[in-house]
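Participant: Each chain, written out:
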Amino acid sequence: MTVAFHESPVIYDAIIIGAGVMGATTALFLARAGLKVALVDRQDMFRAASGVNAGTLTLHMTRAQLIPHAIRGREMWLNSAEWLGEDVGALATPGLSMAFTEAEEDLLRQRASVRQNMGAPIEIISAEKAVSIEPGVNPRLRAAAYCALDGHIPTYRVGGAYARALKEAGITLIENAPVESISSVRGQGHEIRLTGHARAIHGRRVVLSTGAWLEKMLGWFGHDISIRCLINQLVVTETLPPVMGSVLSIANGLLSLKQFANGSVLIGGGWQGEGNIRDGGTRVIPENLQGNVRLAQHVVPRLNEAQILRVWLGLESETPDAMPLIGALTPDDDAFVVGCVHSGFTSGPYMGRLLAERILGADPDLSAFNPSRFSPSSATRAQL
Amino acid sequence: MSKPDRSPVTVIGGGVAGSTAAIALSRHGLPVTLIDEQPSAGGQIFRAPSSYARQTVPPNHEFSGGDALRQKLATSNVRVRLSTRVWGLSPSLTLDLLGPDGMDQIPPSTVVVANGATERFFPFQGWTTPRITGLAGASILMRNGGTLPGQSVVVAGSGPLLFSVAHQVLEMGGKVTAIIDSGNRADWTRLGAMLTLDSSRLTQAAAWMLRLRKAGIPVHHRSFLSAAEETETGLLLTVSDMDHPERHHFYTAEAAACGYGLKPSTLITRTAGVQHRYDSLGGYLEPVTDVAGRTSHPDLYVTGDAAGIRGMAVARLRGLVTAHAVAHDRGLIPAKAYASLTRTPLRHLRRLDAVSRRMLPLMNAGRTIGARLPDDTIVCRCERVKAGTLRTAIQSGAEDLNQLKAWTRCGMGPCQGRMCEDSARALLTTACNSTPEEAGSFTARIPFFPLPLTSVTGDFSYSDIPLPKAAPL
Amino acid sequence: MSNENSPITFVFQSRSGTRTVNGIEGEPVTAALRRSGILELGQSGIDGTPRGAFCFMGSCQECRVLINGAIDYACKASVLPNMTVTPYVQA
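From first to last, the protein sequence lines stand for chains A, B and C. By this note's numbering, the letter at position 245 of the first sequence is numbered 245, and the numbering carries on one by one without gaps. By this note's numbering, the letter at position 460 of the second sequence is numbered 1460, and the numbering carries on one by one without gaps. By this note's numbering, the letter at position 88 of the third sequence is numbered 2088, and the numbering carries on one by one without gaps.
None of these hints come from the bench; they were simulated from the model. In this text the structure is predicted, and so the values were computed from the model without any measurement. Hints are supplied without guarantee of correctness; some may be wrong.
Computed beta-carbon distance windows for the label pairs [said to hold, decoys possible]: (1) G1458(B) to L2080(C): 19 to 29 Å; (2) L2080(C) to K167(A): 49 to 59 Å; (3) P178(A) to Q2013(C): 50 to 60 Å; (4) S2016(C) to G1099(B): 27 to 37 Å.
Derived, one-sided and incomplete: chain B residues facing chain A with beta-carbon distance under 7 Å [to be verified]: (5) W1407; (6) T1457; (7) Y1462; (8) P1472.
The beta carbon of each residue, even a glycine, is placed where N, CA and C say it ideally should be.
Sequences are here, hints too, so could you generate the full structure?
Facilitator: Right, here's the structure in full:
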């Protein structure tokens, strides 16, 4: 999509860089509050993590401290018609996390108890109970953690729904425009230069929501934060007769397994592929494909009837403490970040909305996500 | 000349180009493995006939040519791995295979991709009924399977295959109800003027057309199959005029075969990351190669129709030249020997190439059909995605093929977009008034075809699984 | 293969019943089925409509059937005596 520039350059109230779930949600709530908003992406919108992730809504796998946010994010997905304008097909299901060894059972109890304390309705159930809830699971399990508040979304429906909502909200969408530089211009906020665009765009505020590509841009604002890029493997099968009804995982969090309404089964869990964000190329590691799929087949033995349809890799960003970055980057309160949220698809819309509220003058508690926690010298200024 | 490199070469595809290249490479003293997905080598044109087909189909050039090729392979030093498919590869060219004995890998080697062509399709109402096959598919069913698609067949689409398939139906005692060609009659006449350049092929084409005309078979030029409806005994087919879409003809037949020319198979080359370009004459994506099949990847060569559709005679010459080029690049033969070995093949190659390029627009004559599809026509057969769904997504801002796929599932199914990419592209470029380059092409993903999950998992116990360390609390 | 050319029979088991099909050992399964008038090899997993062999080149994936319980391409797999072919619901 291209933008027509007129005689006098437009100054946006906010320019959001990175059109995934978080950036697009921030953009949407800012625009609905009356701000003039542009949303920029290095490629087409929703094509990175937000477009290729497993679509899991999970409290088992999210970080314990983020449970309250994940619960709110999940609710937003289930009610997407209300705030996004259309139903994206989110389905509420229970979630079962399983243990097959003694060590896994210990881990399961430990992880469940921490999550219970953070408000997740998770309880430990016996193997028999687990099999009665989910007859397709391997009866050799020792115990399971049951959570009533899980679910999943057919991820492919999300991008188009956001595209229509953004258009409706009057947001200027600039795709296939990698950001080359961001600089301050007195009285005009930030000047942002985009590859392939002769003229820079200007915004009073800028929001970075570029996921795996955050590190370099944070550096432009003096935040030296090392962002690790996870290259998560996903596997989808052809349609099968129903073999499961809930979201399944294992105690250590390294499996997510669900069956969509069309019958296809999606196998994820964060097994790693190879690649780097500069070259853009990613590659499946055969041993990890085998390991991930073996784990899935162990958990649901009937997957031995499945055909593997496609394997792909999605990028996820992680800070050194594996906690999100949400908040202001400058003392002037004119640059912000939202990202690096573990299980970011579950909480994503809520995190994006929180940042929009913060920008609009509300005071949500974002202290645990303050980007200045990694840079002692600037820690005090950004909190002002 | 540097030290000769005698490390292994892998040829993917045992058709005319691949088999010729493999034999020539092994004559240069290189250890060669030839992989082919069929139970015998020969590719599509020289597909080995079943014993039933040998009884029912009159002897022909394809049978004898294929037998000779298989005989040559059998007496060569080429290691032939049949019923084996490549389902993935790495940038360093490790090949992932699935064969009769399950999963296997070939470590990085020089790879010659000779996996030929895929047929191009444009949809119409009812094209998913089992009475409809591809045009090349009908030919394979007859030549390899000795079986007619139906006792009466409507043959539709574009390119020389139309007349070849119609001729095959007659030869087997079937009835050709009608021939529906999206090209102009004048294009065929112009091609005839090039007879001196490729006399064997064009003479054969002329003979087919003459026989079909004598048989009184109706031929509609500038027309296309627009609908197929199941009846008690077969199909009711609607033929529409390309220039006056409101003008129709109707035919009934037991079956219909429809295809709109060939395009190079590019899943392997796209996954390898070599440079591709859109050939507007052919209307397809092809890897960028030099005359010998070298690509932007130093160890990957592409030969035969996989490098651009030129037909069998060119495929054989390309296979030969590619093999000599590999030998030269490996330091096995000096530049002078390469020049003398390739002088004659390259001369023929240039002459035939000129004719073949003239045929591309004929094969590509259906390109406007995809753009005009009615909203309720299924475009993506696998996911049953209709033209109207694609148009809605385009209106929402999906302006390239991958975004269109991401939002609609078009091309996400088992065929990985092989059947729908051309019509999705035609629809997209028309709606956005954009170029095929702007529309792009579907990102290639592994596996290239669905893999039985158990072929990946094999026999294992829980303790065999290398569980990574737990995710952060 | 010594048994080529031998007429044999195999079984096609679908929702419309079980049929014995004549074929020649070694020929493609689609060819034998088609001569017996069997074109429907399964159903679309999306809308349940019939599906049959289309491209005959291993591209379209639509001719996949279960042969003695294992997935195979009917356009390519060989007819063998006493085998059982069943439809595969795909997508």
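Participant: Each hint needs a verdict: does it hold in this structure or not?
Facilitator: Here's how the hints hold up against the structure:
In this structure the hint that G1458(B) and L2080(C) lie 19 to 29 Å apart at CB holds, the actual value being about 25 Å. Evaluation of the 49 to 59 Å hint for L2080(C) and K167(A) yields a pass: the beta carbon distance comes to about 58 Å. Separated by about 56 Å at the C-beta atoms, P178(A) and Q2013(C) satisfy the suggested range of 50 to 60 Å. The hinted window of 27 to 37 Å between S2016(C) and G1099(B) holds, with their beta carbons roughly 34 Å apart.
Satisfaction of the interface hint for W1407(B) is found here, the shortest Cβ-Cβ separation to chain A being roughly 4 Å, below the 7 Å cut-off. Look at T1457(B): its Cβ gets to within about 5 Å of chain A, closer than 7 Å, so that hint holds up. Against a cut-off of 7 Å between C-beta atoms, the interface hint on Y1462(B) holds, since the closest Cβ of chain A lies about 6 Å away. Among the interface hints, the one on P1472(B) holds; its C-beta lies about 4 Å from the nearest C-beta in chain A, closer than the 7 Å criterion.
Checked against the numbered hints given earlier, this structure breaks none of them.
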